[in-house]
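Enquirer: For this one, chain L is given, so just place chain G on it according to the hints.
Residues per chain are reported as follows:
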Amino acid sequence: MVMEWYWALTLLLGSAVALLVIGLPVAFAFFAANIVGAFIFLRGEIGLSLMPIEYALSITKFTLVPVALFILMGEILFQTGVAFRSINAIDKLISRVPGRLAIVSIAGGSVFSSLSGSTIANTALLGNLLLPDMLKRGYQPTLAIGPIMAVGGIAMLIPPSALAVLLASLAERSITDLLIAGVLPGLMMSALFVVYVLIRCRLNPSLAPQADEALERGWVRWRPFFVDVLPLFIIFAVVVGSIFLRIAAPEEAAALGCLAAVAISAAYGKLTRQALMKALRETAKINVMLLFIITGSLTFAQVLQVSGATSGVLQAIDAVSLTQVSAMLLMMLLLLFLGCFMDQISMILLTLPFFLPIADTLGMNSTWLMVMMLIAMEISLKTPPFGLLLFVMKGVAPAHIRITQIYQAALPFIGLELIVMGMVIAFPAIALFLPNLLR
Amino acid sequence: MSGFHHLDALLGRFYHHVGNLVGLSLGLFALAISLDLFLRLFGLGNLPGMQEIVEYALFAGVFLAAPWVLRLGAHVRVDLLLTGLPKSAGDALNRVLDTIGLLICLVLVWFGSINLSSAYAFNSLQMKYFNVPEWWLLTVFVISFALLALEFVCRLLRGGDAPEAGADEAGGV
Chain L
303 MVMEWYWALT
313 LLLGSAVALL
323 VIGLPVAFAF
333 FAANIVGAFI
343 FLRGEIGLSL
353 MPIEYALSIT
363 KFTLVPVALF
373 ILMGEILFQT
383 GVAFRSINAI
393 DKLISRVPGR
403 LAIVSIAGGS
413 VFSSLSGSTI
423 ANTALLGNLL
433 LPDMLKRGYQ
443 PTLAIGPIMA
453 VGGIAMLIPP
463 SALAVLLASL
473 AERSITDLLI
483 AGVLPGLMMS
493 ALFVVYVLIR
503 CRLNPSLAPQ
513 ADEALERGWV
523 RWRPFFVDVL
533 PLFIIFAVVV
543 GSIFLRIAAP
553 EEAAALGCLA
563 AVAISAAYGK
573 LTRQALMKAL
583 RETAKINVML
593 LFIITGSLTF
603 AQVLQVSGAT
613 SGVLQAIDAV
623 SLTQVSAMLL
633 MMLLLLFLGC
643 FMDQISMILL
653 TLPFFLPIAD
663 TLGMNSTWLM
673 VMMLIAMEIS
683 LKTPPFGLLL
693 FVMKGVAPAH
703 IRITQIYQAA
713 LPFIGLELIV
723 MGMVIAFPAI
733 ALFLPNLLR
Chain G
2 MSGFHHLDAL
12 LGRFYHHVGN
22 LVGLSLGLFA
32 LAISLDLFLR
42 LFGLGNLPGM
52 QEIVEYALFA
62 GVFLAAPWVL
72 RLGAHVRVDL
82 LLTGLPKSAG
92 DALNRVLDTI
102 GLLICLVLVW
112 FGSINLSSAY
122 AFNSLQMKYF
132 NVPEWWLLTV
142 FVISFALLAL
152 EFVCRLLRGG
162 DAPEAGADEA
172 GGV
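Sequence order for the protein chains is L and G.
This note's numbering puts the first residue of the first sequence at 303, with every later residue one more than the last.
This note's numbering puts the first residue of the second sequence at 2, with every later residue one more than the last.
The following label-pair restraints were derived from C-beta to C-beta distances: (1) L:Val622 with G:Leu32: 47 to 55 Å; (2) G:Asn124 with L:Ile549: 35 to 43 Å; (3) G:Tyr121 with L:Ala569: 45 to 53 Å.
Keep in mind that the hints were calculated from the coordinates and are not lab data.
For every residue, glycine included, the Cβ atom is placed at its ideal position computed from N, Cα and C.
For reference, chain L alone in the conformation it holds in the complex:
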């Protein structure tokens, strides 16, 4: 059927978004849009009867394996309790700084980000472990909650990141480049969060009362760090080092990371059959949830293309002569808007079929674009009213913490992340320096 591109776009995106908004599971919203699109634009029943094999082949890809394995690494450390020990050790190490426990949460969250591919696991871990203690010691709730949510999201940027693998795999661009490109922006965010907490607590010490803690010195203080934290960096070294030194592809690095996580948990005497099985089941559940959504994405992009919607959007953009930076700004604004009410996977699936061709047309570096997309999605994890981590935090916080307090806690950190986003737009080298070094 011949249809103007903007009507085709409205029909396809509109039906997907409408079904998403009324609450149909994301995967099924895309299946429905595909069925409608195939019926109208792919010659009716002929298109529909060829669609199933496309679904099947869309996830029969080796490049999708690290998604599951990066999640598994974090789950093993989470379920065996090894991750909790490492946060406790960092807690002992950091002392005599304003907002000490908030700094501990940022440092601990950054460490766990380098061991886990999941932002939610990261937030849940820190929220369970540190939040009750911070509130008990009289920390203002916004200062206790904000850093945990902020650093929880960094797992999306610092490798291993399951979402980065998914994004690069869907875009059919280098997974290695994207994993490595996220490191510097992620570390910049951590550093900014620390500086922010220090300044706020210095200006207003009542935000985080200093406890009269007996300060441990010498080996007693450092021992937990050497015993419970340092060995975990073996996992990070195995994953990132093997990729960086070109010993292993991302799929292989992820597999080695899982073995290292098992070996380290066993060395701590924490590896039980029950914990391992729970980690495997939880990983299976998340992996199925993610990849099942992906099955419909390839067909969705194809239907968009055949309908003329993709080329129509590209021509419209070509007509207004956008520069790389203005196009990037527009794309980020769209993602930030979508992020207020949509999950990260849906955001990728709805926008990637347009963003990549736009980037290619304008000669934009696709790794830069994808890092920016990750930053936008990281911010959107916390944007009120429906950012995912806001609700994870509501789930782990004591009952008296209101959702409005959680919103309030997120805002300054969203501001800091927007600063990093602006810096990476202005200076793409922040993202591209390490991948270029790798070449």
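Expert: Relative to the frame of chain L, chain G by itself:
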């Protein structure tokens, strides 16, 4: 126990095992991929066809475990409307959504079966290291969506999810 509850309990036990199997397959992926790398690094060859076996196992695991994830209510959804509605209206909307889900699955079972029969008739193959008949893949597809359709019916009769005990809040990316 009514016929439905008996069937529902049976499905619950079946999906529990499916969850275990898919989880174990992920562990095996890690072992096989690492072994393949070590063999290559030490100049001992590799595991022929390993990548492709992993790819097909990944596909089968995702499709066959999708009904399990639906049963747990763990498929991602945007619940801004559902959480904003009064309970009775929310329940009614959930029933509408489950009906839409059921219809989508039935359409995909129907067209999946057409695709399956033509793939079988033409003996279409995916040719890489192994020659895999496409009808094998499409059989998994049809079984998956038939089970999903059944699960949507169960959700309508049950009135929602059937979460497992002991699920934790860390699940997600």
